[in-house]
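All chains should be built: construct the whole structure from the sequences, respecting the hints.
Protein chains in written order, with my numbering: chain W, 7 to 118; chain R, 61 to 172.
If you're looking for bench data, these hints aren't it; they were derived computationally from the structure. Backbone N, C-alpha and C define an ideal beta-carbon position, used for all residues, glycine too. Please note that the accuracy of each hint is not assured.
Per the computed footprint, the stretches of chain R lying under chain W, defined by three or more beta-carbons under 8 Å from a beta-carbon of chain W, are [stated by the list, open to error]:
(1) 110 to 120
(2) 151 to 163
Counterexamples of contact, computed for chain W against chain R with all Cβ distances above 12 Å [said to hold, decoys possible]:
(3) Leu9
(4) Glu11
(5) Gly14
(6) Val28
(7) Val42
(8) Gly49
(9) Ala66
(10) Gln87
(11) Thr102
(12) Gly104
(13) Ser105
(14) Gly109
(15) Ser117
Per label pair, the in silico range of CB-to-CB distance [stated by the list, open to error]:
(16) Asp61/R - Ser57/W: 34 to 42 Å
(17) Glu70/W - Gln87/R: 15 to 23 Å
(18) Val10/W - Asp135/R: 18 to 26 Å
(19) Pro124/R - Thr36/W: 26 to 34 Å
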Amino acid sequence: VELVESGGGLVQPGGSLRLSCVASGFTFSTSWMNWVRQGPGEGLVWVSGISPDGSRIGYADSVEGRFTISRDNAKRTLSLQMNSLRVEDTGLYYCTRGSIFGGRGTLVTVSS
Amino acid sequence: DVVMTQSPLSQPVTLGQPASISCRSSQGLVSSDGSTYLSWLQQRPGQSPRRLIYEVSNRDFGVPDRFSGSGSGTDFTLKISRVEAEDIGVYYCMQTARWPNTFGQGTRLEIK
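Encoded structure:
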């Protein structure tokens with residue numbers, strides 16, 4: 007399983023970012039996928055998840071209405087559109103296949 | 061939400077000695093397909109999390125057999141038969157039985 011996350015960066019509160027994750031080494035189109043955040047010096051927090059065909063989507067309460075998860079099975083890509091960003095959204099964002107972490111994550115910093 | 065509670069949160073160990081980490085869930089983790097979706101992750105300093113154990117007791121490919129998982133219902137345990145220097149880091153339990161997926165707080169394994 008290899009997952010390559012990208013799209014992170016420094017953004018001001020209220021701004022937007024779009025994260026992407028390109029998958030390889032497994033059958034992406036049949037896999038449940040998630041985004042997980044790890045704040046500085048903190049533990050792991052599930053942010054959002056999506057079913058293999060995209061029909062089922064879930065969000066943590068803290069991001070509901072601000073973040074949108076999507077996937078393109080033909081391109082083996084998972085995305086996370088992050089709007090109205092808050093300081094507390096800061097962290098390293100990992101793309102996961104279920105409970106498998108296959109990448110280095112992408113860093114999101116929300117600060118003025 | 062399913063609350064995952066780990067203990068201890070810090071475990072000083074002597075190299076070559078065993079170690080054990082407990083994880084308790086606030087609800088049962090048996091899914092509709094009959095499987096129990098409880099995993100154990102290892103995060104070494106400066107690295108991404110890596111899954112060691114899935115579905116309570118199944119070791120991932122390449123995981124040394126000194127690691128073992130057990131448990132049922134709401135009580136689960138990760139055991140290391142003889143701790144080696146490369147085992148130092150933070151260990152998390154994670155449930156993927158239902159959304160939101162949730163993690164334990166993490167247990168820091170450190171050399172005594």
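Hints versus structure:
no., hint, result
1, 110 to 120, "holds (count 3)"
2, 151 to 163, "holds (count 8)"
3, Leu9, "violated (10 Å)"
4, Glu11, "violated (10 Å)"
5, Gly14, "holds (14 Å)"
6, Val28, "holds (16 Å)"
7, Val42, "violated (8 Å)"
8, Gly49, "violated (5 Å)"
9, Ala66, "violated (6 Å)"
10, Gln87, "holds (19 Å)"
11, Thr102, "violated (9 Å)"
12, Gly104, "violated (6 Å)"
13, Ser105, "violated (4 Å)"
14, Gly109, "violated (7 Å)"
15, Ser117, "holds (22 Å)"
16, Asp61/R - Ser57/W: 34 to 42 Å, "violated (19 Å)"
17, Glu70/W - Gln87/R: 15 to 23 Å, "holds (21 Å)"
18, Val10/W - Asp135/R: 18 to 26 Å, "violated (37 Å)"
19, Pro124/R - Thr36/W: 26 to 34 Å, "holds (29 Å)"
Comparing the model with each earlier hint shows violations of hints 3, 4, 7, 8, 9, 11, 12, 13, 14, 16 and 18; every other hint is respected.
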